[in-house]
Amino acid sequence: MLTFNIVAGICLAYVAILFGVAALAEQWAQKNKMTFLKSPIVYTLSISVYCTAWTFYGAVGSAARNGLEFLAIYVGPTLVFVGWWWLLRKLVRIGRTQRITSIADLISSRYGKSNLLAVVVTLLAVIGTTPYIALQLQSLTLSFAVFTENNANAPSPAITALLIAIGLAAFTVVFGTRNLDANERHHGVVTAIALEAVVKLIALLAVGIFVVWFVADGPKDILQNAEEIMPKDTGVFNSRWVTLTFLSATAIICLPRMFQVVVVENDAESHLATASWAFPLYLFLMCLFVVPIAVVGQEILPEGSNPDLFVLTVPLAMGQESIAALAFLGGFSSATSMVIVAAIALSTMVSNHIVLPLWLYRTHARNPESDDVRSILLRSRRISIAGILALGYFYYRFTGGTSALASIGLIAFLGIAQVLPALFFGLFWKNASRSGALAGILVGFTIWAYTLFLPSFGDSFLLSKDTIENGLFGLSALRPQALLGVEIEDPLVHAVFWSMCLNLFAFVSVSLFTSPKPLENLQALEFTNVFGRTSQRHMPSQITTSDDLFILAQRILGRTEAGRLFEAKAKEQGKPSGLPDPTSEFIITLEREFAGSVGAATAHAMVGQISGRDTVSVEELIAVADETAQVMEYSARLEKQSKELAATAKQLRRANNKLTKLSQQKDDFLSQVSHELRTPMTSIRSFSAILMNDGEIDRKQFAHFSSIINDESQRLTRILDDILDLSFLESGKVKLNLENRNLGKLIEQSITASQTAFDTKEIKVNIPTAFQKITLFTDADRLAQVFINLITNAIKYNDKDVPVIDFSVAETVKALTVTISDNGPGVSEADQEIIFEKFSKLSSGASSSGVGLGLSICAEIMRNLGGDVVFTPSKTGAMFTVTIPRTSKSRDAR
Amino acid sequence: MAKSVLLVEDEPFIIEALSFLLTREGLNVSAFMDGDGCVEHIQKTNPDLIVLDMMLPNKSGMQILEELRAIEGFADLPVLMLTAKGQKKDRTAAEEAGVSLFMTKPFSNKEIIRNIHTLLSA
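If you're matching them up, the sequences are chains A and B in order. So in numbering that gives the first Met the number 0, spot 466 of the first sequence is number 465, and the numbers just go up one at a time. So in numbering that gives the first Met the number 0, spot 11 of the second sequence is number 10, and the numbers just go up one at a time.
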């Protein structure tokens, strides 16, 4: 007969074995004999911490009461491991690269290392896990009670629970807080839990096999009985079933203890590959005999027996004490492993995210690496573990044995599940923001508490019966179990629906309307692209050599400056030759020097890398990026300025070219003037010298030479007049004498003036009578000068005996045009182009008496008058067209 | 036999003055008034000396000089260049092109006669 003492003894022996295994594993881990510990099987078995006492005992109870509903609890995790292993892989990779220590750390890290989020998730986890721990304590206490029914000396359930809680706390403290590992891995605990997983599987299989083949007559018998005994009205795939599947799938990722074993304790990503089939297999074996045990238990045990204890009571009833003892150990394993891992996970969260920040805030500690912090952290972990178990114990004492506790498992699931949207979308949606995550979790948590958690206490806690039935403030839309009047029979389904929908809505909408900070953006990229980047873990060199520092200094400061700095320091240290010692003071000096060149953050990061002081943090990288951005902005500004300068230079070059061209034109003009003046002067000088020195020339020659001198003198005068006139016209200082003048008279005067130069020649001029009727308002003398020039040319270059000059006129509103044409040889095409240029020497045998300025002067006068004069190609002779504006605004014409 | 001088000049009065002066010195003087065909004319008439004006219609005296110097047998023909422009760069360019002597207008009668004699007797 198994007595309480024997059972207690078995328990103690079992715990001692666990203790030994854990201690051994720790030793191995320290000696790096990790081959066994690193086995994916150990990893897979540790995941079975999912199967708590609630599943070990409760699955049979659930099957007896609700049929196949219990399967949902196994289907959810199976779906995740088989179908969503890539999600787990991403989580594991992120956990590794970001050194994630808990689910709270993951959420906080993803959303810009927000401590507020970490605190919220931690509190959520504590609230959600405490009832669960209480449930384990209850299971253990109940299973102990099975053996103490006839024993008056056995301790009361309350004492049993307290002892168990203390024992678990002690075990967890010893193996969960032995050292502070950066990765928060606990090889001892994980190994012990793997052993427990084996024990609970063997226990359940043993009971199952015993029940099927030794109590009943094999599977066929069971199935036949099942038809009669099992409840029939509960279907699979109804809304509750789907909800349960969803919740259990969420639990495998979001529950703190599951996150601990799946992500934090993971040694290698490849282990997931094994776990993806081995864990579902484990679950399958765990639920294989649930229905047979439920069927047989209901068959052989008296009415009213607690189906939650069938696993234990069926072997006992059949007198199989050893199997019962094994089953008890299985249940004990399930409960203890869950509590231990949960306590470790929660204590990590509480100490990292609540205790430590508070302590740092209080002491303003600046150096987080000091031993002081280390001991604070360890102490806070230990106290947290004790506190968490105490919470669980008191929760058990407060609600123990009531229906509230039985259903609390699923309720707690949903509480923790509120982090799912923030977690899941955080891995894939870059724009998910801190505010969105916070809003989603808080909204979901509130809905969960209002619709499920608080009502689960009945009318005894916070929510009155009236509120539950009629809604908050009497508003029926706010009835906790029928929000907005949506009547869903099952409060769990109702709560899951509303909390998840509103959580997701708040999360997405707030994310869309908030702009994340730089650190958040960077973390978002780190998380969403965790497979996109090759994570190179740069190992900082632990020993700084002055050589390294010198090379770095040369790069940053330049050869001379670095040399000067190091030399001065070496002298100061009393080392006249060689490099100075890399004292921390010197390194700080160097960093300050570098900061002047590359910015403070970059300098810090670089020196930090080289001196092995610490690795470069994300914040430092962000600061480096900021500095780089500033440099880039500055460089962009320089580039812009440089472009502007280039444009200015181009303008200047253009202006310079223009000036050079003008200067060239002026030089050419002066050169032309020189030529035009020197040519007649040559004749004058030469002939006057002949006349002066030669007595031998005859009278006739004397007269001829004298006339040449006379002609050339006149030519000189003309040239000078023309040049002066032209430069005056070009200067724009011309003062016009505007007056009314009859066009016909003006032309006649011009002809008369021209003819005086050719009094020997007979000239014929045709002027239409229309000219007499036209009156112009213009500078008549200047206009006459133009006509005189044109008429003179028409006569001078005419080879006919009787030159004929024809005038014609055309009027428009704005101007009138006068054409002069002659019967001369005309102007060759080549000459037409240069005819108005200064000093243009025409090829067509023009007489040398022309200066080549006449037409230039004409063009300049017409420009001053606001009109123009152009050569008009015609078939016979030359034709010029003079355009005169009707109202001469000549002065503004320029 | 009298030496021949070709005047390449487009100003009739200057031709007249130079012809008068050089004929009196016992030289055979002829004139050509256009840049076009001037080189061919020189090749045909093969004068002993050329007085070459810089500014000519259709082709400059500088160009004529360059072409002439490139023809075999005319590399050493004495060429006295006249210019009315009086720019220093013209003198430099002419010297580079192989001019024998460079004079600016207006010139002194005595000087040009002396120079022509010097060039002819060299």
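Worth flagging that the hints you see were computed from the coordinates, not collected in a lab. All C-beta atoms, glycine included, are put in the ideal place defined by N, C-alpha and C. Heads up, a few of these hints could be off.
Unchecked claim - FRET-style restraints, in silico, Cβ to Cβ:
(1) 87(B) with 836(A): 20 to 28 Å
(2) 110(B) with 836(A): 32 to 40 Å
(3) 735(A) with 91(B): 42 to 50 Å
(4) 87(B) with 798(A): 37 to 45 Å
(5) 65(B) with 719(A): 49 to 57 Å
Hints, verified against the model:
1. Between residue 87(B) and residue 836(A) the Cβ separation comes to about 25 Å, which falls inside the hinted range of 20 to 28 Å.
2. At about 35 Å, the beta-carbon gap between residue 110(B) and residue 836(A) stays in the expected band of 32 to 40 Å.
3. Between residue 735(A) and residue 91(B) the Cβ separation comes to about 46 Å, which falls inside the hinted range of 42 to 50 Å.
4. Range check, residue 87(B) to residue 798(A): about 42 Å between beta-carbon atoms, so the 37 to 45 Å window is met.
5. A hinted range of 49 to 57 Å for the beta carbons of residue 65(B) and residue 719(A) is inconsistent with their spacing of about 34 Å.
In the structure shown, a violation is registered for the earlier hint numbered 5 alone.
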